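Colleague: Here are the chains, one letter per residue:
There are 2 protein chains.
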Amino acid sequence: MNKNLDIVGIGNAIVDVLSQSEDSFLEQENLDKGAMILVDEEQAAELYAKMGPAIEVSGGSVANTIAALASLGSKTGFIGKIGSDQLGGVFQHDMQAMGVEFNTPALTDGPATAHCLVFITPDAQRTMCTFLGASNMIANADIDKELIKSAKILYLEGYLFDRQSAKKAFFTAAEIAKNTKTKVAISLSDSFCVERHREEFLELLENHIDILFANENEIKALFETDKLDDTIYNIKKICDIAVITKSAEGSIIVEPNKKYEIPAFPVKNIIDTTGAGDFYAAGFLHAYSKGHSLEICGKTASIIASEVITHMGARPQTDLAKLLADNLKI
Amino acid sequence: MNKNLDIVGIGNAIVDVLSQSEDSFLEQENLDKGAMILVDEEQAAELYAKMGPAIEVSGGSVANTIAALASLGSKTGFIGKIGSDQLGGVFQHDMQAMGVEFNTPALTDGPATAHCLVFITPDAQRTMCTFLGASNMIANADIDKELIKSAKILYLEGYLFDRQSAKKAFFTAAEIAKNTKTKVAISLSDSFCVERHREEFLELLENHIDILFANENEIKALFETDKLDDTIYNIKKICDIAVITKSAEGSIIVEPNKKYEIPAFPVKNIIDTTGAGDFYAAGFLHAYSKGHSLEICGKTASIIASEVITHMGARPQTDLAKLLADNLKI
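Line by line, the protein sequences are chains H and Y.
For reference, each letter of the first sequence is one residue, going 1 to 330 in our numbering.
For reference, each letter of the second sequence is one residue, going 1 to 330 in our numbering.
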């Protein structure tokens with residue numbers, strides 16, 4: 001089968017609104033630090049009015065990964081739903097300007113383009129309040145079969161599980177991938193999202209997923225345990241490859257018969273951790289699609305994740321291909 | 001007269017769209033490095049389609065100065081025209097979130113909110129293509145007399161000279177200031193803008209301006225000379241205080257009988273020079289409104305200008321009051 005793309009992603013099409021905030025603001029607004037909270041349009045407007053001056057940068061978890069992959073030189077495509085408004089135009093421009101194939105028709109009548117209010121505390125942690133808007137309206141009709149067929153890997157965003165029609169679109173996409181020898185990867189996205197949809201996540205993982213990305217909290221939520229070793233024992237039975245990220249402590253890559261511990265790549269001045277997991281996945285999938293060993297995949301992932309935390313926003317501000325060439329010695 | 005505000009600005013209400021670009025792109029598109037070029041909506045859309053991935057940050061020369069003044073702790077107001085759209089909402093939010101009094105009614109029917117495509121080359125220089133849109137529609141009716149009356153200093157943006165009705169609004173505002181003992185400052189904004197409107201700038205300077213901000217190119221364009229000493233000789237006769245900025249070489253403050261040379265404040269890693277002049281003016285006006293000597297005004301200006309060039313975008317990303325307290329020894 002002719003695979004002219006490396007990775008195609010399906011995810012939320014979001015513009016991030018990033019602002020530096022104090023811890024006291026999170027307390028005042030009852031926001032759990034580090035979490036992603038879904039808000040409606042009215043709540044988003046209320047929070048925005050209280051937010052400090054901000055910058056706008058295209059975001060969305062899988063969209064960030066795809067943008068980073070494009071900067072690495074991978075050939076990529078993206079499926080996600082924007083509204084017919086200025087922020088939708090910004091999101092579309094930023095994907096296409098990276099050379100990403102992105103042609104999902106914009107929603108013509110309905111809610112505005114998704115935006116995510118990101119509160120960055122002095123410890124560089126990010127707390128997110130997302131109005132999903134148009135992004136939530138992705139449906140089966142948006143799943144471009146030809147695009148998925150043409151990719152070596154399909155990469156799915158766990159966050160999309162929050163809406164029934166989007167979840168259906170996911171299973172449709174995974175089915176297409178299975179029939180066209182496209183590997184399927186997923187990011188669990190958020191521990192609360194996992195708790196909301198545990199059974200369906202487990203079903204998808206068992207039947208459709210080749211590569212799982214999760215952080216410690218997410219995989220613990222999936223298996224309802226506090227012990228990381230238990231999650232490793234469980235995940236081996238379900239996925240070919242599972243990658244567990246542990247922030248500054250690096251990551252663990254799990255195969256049925258082997259485990260790799262990958263250290264984090266050192267960074268001097270951490271500004272904003274938004275997108276760290278997304279960039280980790282980008283580095284991993286880039287190396288994986290080129291046929292590298294899992295150890296090299298992990299090392300690449302750590303190097304790429306180190307770039308996004310040195311600046312505000314979750315899109316690359318450096319040439320990632322050059323960053324990798326300068327730092328990865330194979 | 002009761003002056004409960006320190007500085008009120010009148011300027012363009014613009015959202016900047018910032019992208020890292022190669023020199024070859026400027027050549028390809030025939031863009032003069034360092035210049036500000038006015039484009040219409042169609043040209044802006046064409047250039048945007050060719051631009052790399054971008055970030056959106058509120059901008060506008062005088063608006064940047066006012067935002068920096070607010071971060072310094074000055075009490076500020078702003079008059080400028082946004083459209084009734086998402087980018088207008090972003091601009092308005094960012095001003096109000098800094099504590100700036102900004103209540104100019106948005107244009108309800110007409111062009112979109114102004115945006116400026118900023119191409120940042122590897123030497124940290126910025127080249128700007130501006131679609132003025134709604135910002136251009138500022139008129140006499142928008143000049144809030146009470147706001148101007150309540151300020152110690154009125155600060156005007158030279159760029160606004162590019163439209164007849166805006167120019168009229170300027171003279172109206174300057175007249176109000178004169179009658180209410182509000183000092184008037186102006187930034188010449190751009191050498192090409194000066195060339196387009198030399199006579200009217202000279203008239204405004206002679207009759208209405210107390211403090212002039214200009215860079216070397218702008219003041220040379222004003223007096224049609226290549227010799228900086230000639231411009232100093234000429235400007236003394238027109239303005240009480242003239243400040244000439246010289247990028248990395250610092251600045252010169254000129255009074256009729258005295259001249260101060262102010263060194264630039266050292267910066268390790270210059271990322272994007274967008275807003276350097278705007279922040280210089282903010283530092284100067286902040287100290288000036290507090291009654292400090294011109295030498296302290298200049299030193300404050302240099303410290304504040306050093307912040308904005310260390311990151312992308314022309315709005316503060318640090319607490320400028322703290323930056324000043326840490327670095328200015330009086």
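Mixed in with the good hints, there may be bad ones.
Chain copies aren't distinguished; within one or between two, either way the pair holds.
[Unchecked claim] Pairs of lysine to any residue residues, derived as SDA-like cross-links and limited to a Cα-Cα distance of at most 25 Å, are as follows:
id: 1; residue 1: Lys33; residue 2: Thr318
id: 2; residue 1: Lys268; residue 2: Gln317
id: 3; residue 1: Lys236; residue 2: Phe223
id: 4; residue 1: Lys268; residue 2: Asp210
id: 5; residue 1: Lys220; residue 2: Tyr260
id: 6; residue 1: Lys246; residue 2: Glu206
id: 7; residue 1: Lys181; residue 2: Thr108
id: 8; residue 1: Lys149; residue 2: Leu205
id: 9; residue 1: Lys145; residue 2: Arg196
If you are wondering where the hints come from, they were derived from the structure by calculation, not from laboratory data.
All of these numbers come straight from a predicted model, not from anything done at the bench.
Colleague: Evaluate each hint against the coordinates.
Modeller: The hints, checked one at a time:
1. Lys33 / Thr318: between (28 Å within a copy, 22 Å between copies)
2. Lys268 / Gln317: both (17 Å within a copy, 19 Å between copies)
3. Lys236 / Phe223: Within one copy only: 12 Å inside a chain, 77 Å across chains, cut-off 25 Å.
4. Lys268 / Asp210: Close neither inside one copy (34 Å) nor across copies (46 Å); limit 25 Å.
5. Lys220 / Tyr260: within (19 Å within a copy, 65 Å between copies)
6. Lys246 / Glu206: Within one copy, since 23 Å is at most 25 Å while 65 Å is not.
7. Lys181 / Thr108: This pair counts as neither: shortest intra-copy Cα distance 34 Å, inter-copy 53 Å.
8. Lys149 / Leu205: Only inside one copy: Lys149 and Leu205 sit 20 Å apart there, 67 Å across copies, limit 25 Å.
9. Lys145 / Arg196: neither (28 Å within a copy, 56 Å between copies)
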